[in-house]
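In order, the protein sequence lines correspond to chains A, B and C. According to numbering that gives the first Met the number 0, the residues represented by the first sequence are 0 to 324, in order. According to numbering that gives the first Met the number 0, the residues represented by the second sequence are 0 to 502, in order. According to numbering that gives the first Met the number 0, the residues represented by the third sequence are 0 to 148, in order.
Hints listed in this document are in silico derivations from the structure and should not be mistaken for laboratory results. Quick reminder that beta carbons are idealized off the backbone N, C-alpha and C, glycines included. Among the hints, erroneous ones may be present.
[As the list claims (entries may be wrong)] Derived list of chain C stretches under chain B, where covered just means 3 residues or more per stretch with a C-beta under 8 Å from a C-beta of chain B: (1) 10-17; (2) 21-32; (3) 45-56; (4) 75-86; (5) 89-103; (6) 108-114.
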Amino acid sequence: MKKVSLGLILLCLLFFVSVNLTLAQNYPDKAIQLVVPWTPGGSNDVLARLIGQKLLEKWKQPVVVENRPGAAGNIGATLVAKAAPDGYTLLVAAQNILAINPTLYSNSPFDTFKDFTPIATMGAVPVLLTVNPSVPAHSVKELVAIAKSKSEGLTYGSSGIGSPQHLTAELFMKMAGVKMVHVAYKGAAQTIPDLISGQIQVLCCPINSILPHVKSGKVRALAVAGVKRVPSLPDLPTVTEAGVKNVLSDIWISIVGPKGMAPGTVNKINSEVAKILASDDVVKNLRMQGIEPLIHTPADFAKLIRSDYDRWSKLIKELGIRAEQ
Amino acid sequence: MDIFDNILLGFSVAITLKNLSYCLLGSLVGTLVGVLPGLGPVATIAMLMPLTYGLDTTTALIMLAGIYYGAQYGGSTTAVLVNIPGETSSIITTFDGHQMALQGRAAEALLVAALGSFFAGTVSTFLVAGFAPPLSMLAINFSAPEYFSLMVLCLIGLVVLAHGSVLKAIAMVLAGLLLGLVGQDVTSGVNRLTFGIRELSDGIGFVVVAMALFGINEIIVGLESPEERREVLSKKRGGLGKWSLSKEDFRLAWPASVRGTALGAVLGLLPGSGGVLASFVSYIVEKKIAKDPSRFGKGAIEGVAGPESANNAGAQTSFIPMLTLGLPSTPTMALMIGALTLHGIQPGPQVMTTNPTLFWGLIASMWIGNLFLVILNLPLIGVWIKLVSVRFRLLYPAILLFCCIGVYSLSNSTFEVILTSLFCVLGYCLVKLDCEPAPLLLGMILGPMMEENLRRAMTISRGDPGVFIRRPVSLVLLIFAAALLLMLVVPAIRKKRVEAFKE
Amino acid sequence: MIKIRNPKDLCAGLFFMVFGLSAVLISRTYPLGTAFRMGAGYFPILIGGILFLIGLVIVIKAFFGARESLSLPKWRPLLFIVISIILFGLMIKPLGLVVTAFIVVMTSGLAGERFHVREMILLATVLAVLSAVLFVSILGLPFPVWPQL
Numbered sequence: 000m001k002k003v004s005l006g007l008i009l010l011c012l013l014f015f016v017s018v019n020l021t022l023a024q025n026y027p028d029k030a031i032q033l034v035v036p037w038t039p040g041g042s043n044d045v046l047a048r049l050i051g052q053k054l055l056e057k058w059k060q061p062v063v064v065e066n067r068p069g070a071a072g073n074i075g076a077t078l079v080a081k082a083a084p085d086g087y088t089l090l091v092a093a094q095n096i097l098a099i100n101p102t103l104y105s106n107s108p109f110d111t112f113k114d115f116t117p118i119a120t121m122g123a124v125p126v127l128l129t130v131n132p133s134v135p136a137h138s139v140k141e142l143v144a145i146a147k148s149k150s151e152g153l154t155y156g157s158s159g160i161g162s163p164q165h166l167t168a169e170l171f172m173k174m175a176g177v178k179m180v181h182v183a184y185k186g187a188a189q190t191i192p193d194l195i196s197g198q199i200q201v202l203c204c205p206i207n208s209i210l211p212h213v214k215s216g217k218v219r220a221l222a223v224a225g226v227k228r229v230p231s232l233p234d235l236p237t238v239t240e241a242g243v244k245n246v247l248s249d250i251w252i253s254i255v256g257p258k259g260m261a262p263g264t265v266n267k268i269n270s271e272v273a274k275i276l277a278s279d280d281v282v283k284n285l286r287m288q289g290i291e292p293l294i295h296t297p298a299d300f301a302k303l304i305r306s307d308y309d310r311w312s313k314l315i316k317e318l319g320i321r322a323e324q
Numbered sequence: 000m001d002i003f004d005n006i007l008l009g010f011s012v013a014i015t016l017k018n019l020s021y022c023l024l025g026s027l028v029g030t031l032v033g034v035l036p037g038l039g040p041v042a043t044i045a046m047l048m049p050l051t052y053g054l055d056t057t058t059a060l061i062m063l064a065g066i067y068y069g070a071q072y073g074g075s076t077t078a079v080l081v082n083i084p085g086e087t088s089s090i091i092t093t094f095d096g097h098q099m100a101l102q103g104r105a106a107e108a109l110l111v112a113a114l115g116s117f118f119a120g121t122v123s124t125f126l127v128a129g130f131a132p133p134l135s136m137l138a139i140n141f142s143a144p145e146y147f148s149l150m151v152l153c154l155i156g157l158v159v160l161a162h163g164s165v166l167k168a169i170a171m172v173l174a175g176l177l178l179g180l181v182g183q184d185v186t187s188g189v190n191r192l193t194f195g196i197r198e199l200s201d202g203i204g205f206v207v208v209a210m211a212l213f214g215i216n217e218i219i220v221g222l223e224s225p226e227e228r229r230e231v232l233s234k235k236r237g238g239l240g241k242w243s244l245s246k247e248d249f250r251l252a253w254p255a256s257v258r259g260t261a262l263g264a265v266l267g268l269l270p271g272s273g274g275v276l277a278s279f280v281s282y283i284v285e286k287k288i289a290k291d292p293s294r295f296g297k298g299a300i301e302g303v304a305g306p307e308s309a310n311n312a313g314a315q316t317s318f319i320p321m322l323t324l325g326l327p328s329t330p331t332m333a334l335m336i337g338a339l340t341l342h343g344i345q346p347g348p349q350v351m352t353t354n355p356t357l358f359w360g361l362i363a364s365m366w367i368g369n370l371f372l373v374i375l376n377l378p379l380i381g382v383w384i385k386l387v388s389v390r391f392r393l394l395y396p397a398i399l400l401f402c403c404i405g406v407y408s409l410s411n412s413t414f415e416v417i418l419t420s421l422f423c424v425l426g427y428c429l430v431k432l433d434c435e436p437a438p439l440l441l442g443m444i445l446g447p448m449m450e451e452n453l454r455r456a457m458t459i460s461r462g463d464p465g466v467f468i469r470r471p472v473s474l475v476l477l478i479f480a481a482a483l484l485l486m487l488v489v490p491a492i493r494k495k496r497v498e499a500f501k502e
Numbered sequence: 000m001i002k003i004r005n006p007k008d009l010c011a012g013l014f015f016m017v018f019g020l021s022a023v024l025i026s027r028t029y030p031l032g033t034a035f036r037m038g039a040g041y042f043p044i045l046i047g048g049i050l051f052l053i054g055l056v057i058v059i060k061a062f063f064g065a066r067e068s069l070s071l072p073k074w075r076p077l078l079f080i081v082i083s084i085i086l087f088g089l090m091i092k093p094l095g096l097v098v099t100a101f102i103v104v105m106t107s108g109l110a111g112e113r114f115h116v117r118e119m120i121l122l123a124t125v126l127a128v129l130s131a132v133l134f135v136s137i138l139g140l141p142f143p144v145w146p147q148l
């Protein structure tokens, strides 16, 4: 009896695998829904539409970009987590949705590792540590010295609790052993004018929105909060090089699907996205926006999620940062 | 090179067959988007952006800009004709614009809106061309304390808006403030008044409430009145109005338009909801300085001319921070920056010198676009009026359907649609109880801005309330607020005294 | 005995009182902070409190002010318009724009006093086709056009 059932299970598995294989071969044979969990118009949305357009050209199947904004991306993410894992409902996810939100929100509607299949990374945006030019600090060391001379003397801005700007600054403060006062803004739009006018003195900002102001001298960049230097500012050291270790905060943007997708489909999407990211016009286009193309295998991408998740959840728990939805 | 050479250069770029046709196309799409309730320029520009990859930068930007200000024109059309603010900035136009339409002066209202907008567009295009860099510094130095003081001024101004019971108007403002607070608190991350509903953590959508309280409510109230009385623009009410403005109308409208332009040009520079604030402040000013304020809310032409000029002037000057500093003052401008970077141009002060053809071409095209819009809109007025002159029982299902589609398109979610139906019931009850919806809607916009900026200013100043007085712009705004409050209170007290003496 | 002179004001005042009071009660749990370092609860409690008081004043005035009567609402328009909106929300995803638009227009037709069957069918068909062309084909909204099987 046992043997029979085992055999049945094996048969079923075989059947599923073969179905999955044929599915992967035929994939896609209908429209793909690409859920973008933000309002239209942001740089992530623009990137999603660009990749969607290229996939459509390649596969001759419509790629429908659907904006499902709300709750820091959790609304769109939950929708995809619950969808059928057939590869026709995909999520464009930034690192904060997968690596930060589940720890930040006590009532997270999904589990990053139980609910999603990592598929492909698309791009990375380095974060710069910048100050208002009136702050007499020309290096990370000098900034740390100023911040240490008067606790809570400096003010830093962010685009909200748990945003990359906020957490990068918190990580920096923890590693450097300093304290600065946090001012949260609704979105990033108002942070840069306030940094330029000196209302806030420090801002950890994704490079794509701050670069022109660094170049025009209205804002001074002190370091890159990443593993390596950025091509557009080759003289700028990383925070680690400048003496404060482990302040790593690359913002990446990726495609994931619901848990349980067939490996064949995952690999097919991954290799197609990788091909798109390698084409000259896309690379040029992304670099213009300050986004570095980022190509990983699905396995490496899973590791990236794991390491970022562990780093941020440790910080969030240690500092007791929390938010509700 | 002086400004006229620059403008000449701009026109030489803008007046090519290709650029002209894309400018026209943009204006047309913009008008369409503006007329359809709920659909805004932001979503449309985002969706059309991939189509512009193939165009050269100047042409792409000219088209996108056309969509943006086209939507401003279109938004006022629905506000006047069917009492639905097509865009946020046209809420104010519903007050007197729709009243004019009900009195059979729809054509005049639309005409004055179009001409006022064109005048404002012309003046502010010139401002952008001539004074962009100094004006952009104003935008940079407007920070949390100034915002808070401006909100205080606006809140006091809201009371001026009321035409019925002042007490009920204040209560509606407060209710609006509370509705505006729903959602995640920016400073602490705590969720407020959301009843644990995740969809509410980003707040209640403005469009949802505007649709429910204005457009759909108008349908329900219309259905309650007997059939013969409910034709929106029936001939019985004096027809559609004339195709020209009378001398009297013109005399009242042009100074309002000039004042509106000045206010709009300044407020448009500010990040945030510059357009709404501009039209709103302009309305308050007009009502305050009018010889007979009681005409307002009953079809006063200044109440259309001023705010419409203000919101269009604001729409143009909001390009200034974007072009000169690369700072987005509105979500639409953020998209424009996205479009620029996609085409390989870093927005910022260097654009003017490194890409003069782009910079001046865009500015010239703004003026041409405004000209197109006036030319387009004048004959279109007739078409729109024809469209809404059909029988009410054929018209209202269409309006309702378009409202539903508009609300759903905000975030493609059923939740927002259901929320709209709830606000319909609420709005219906409030109208039945003689409570005006406009103060509630404006309170909803102002409330979160006021709280956020107050708390931000206090955190930055480490708890010292003196910042509001030490910063000059903030001080001036507070003095204005105090003066306005006095103007409101003193006559009321005097009146009470006179009444007391009589008894 | 005191007579209610203005039932409209009475209802409006009561509504504002309930609204303000519930805001205060819900916001009790949020951190209050101080006047100079306001917490999340400060603003809603302050505003809710003032709203409650103003509501109270309106209620009191209802017993003394000018007489006014409250007209009874007609339930039919409100009911069918609200049902149409809810139907739209529930049907758009599974049934697509064309079918949804048709049903919503037909339902909203019931809100009027008389229901002209032929006229409504014609109108619903025209609007269904028009909205599919306008919103999906021209403006490119990501709506399904036909029922999703």
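* Asked: For the region 89-103 of chain C, do at least 3 residues have a Cβ located nearer than 8 Å to some Cβ of chain B?
  -> Answer holds; 6 residues pass the 8 Å Cβ test.
* Are there at least three residues in the region 45-56 of chain C whose beta carbon sits under 8 Å from a beta carbon of chain B? -> n = 7 at 8 Å, threshold three: holds.
* Has the region 10-17 of chain C got at least three residues whose CB is nearer than 8 Å to a CB belonging to chain B? -> Satisfied; 4 residues make the cut.
* Would you check chain B against the region 21-32 of chain C, counting CB to CB pairs closer than 8 Å, and say if three or more residues qualify? => holds (count 5)
* Asked: Within the assertion that chain B covers the region 108-114 of chain C, do at least three residues meet a Cβ-to-Cβ distance smaller than 8 Å?
  -> holds (count 4)
* Holds or violated: the region 75-86 of chain C covered by chain B, criterion of 3 or more residues with Cβ-Cβ distance under 8 Å? -> holds (count 8)
When held up to the earlier numbered hints, the structure conflicts with none and fits them all.
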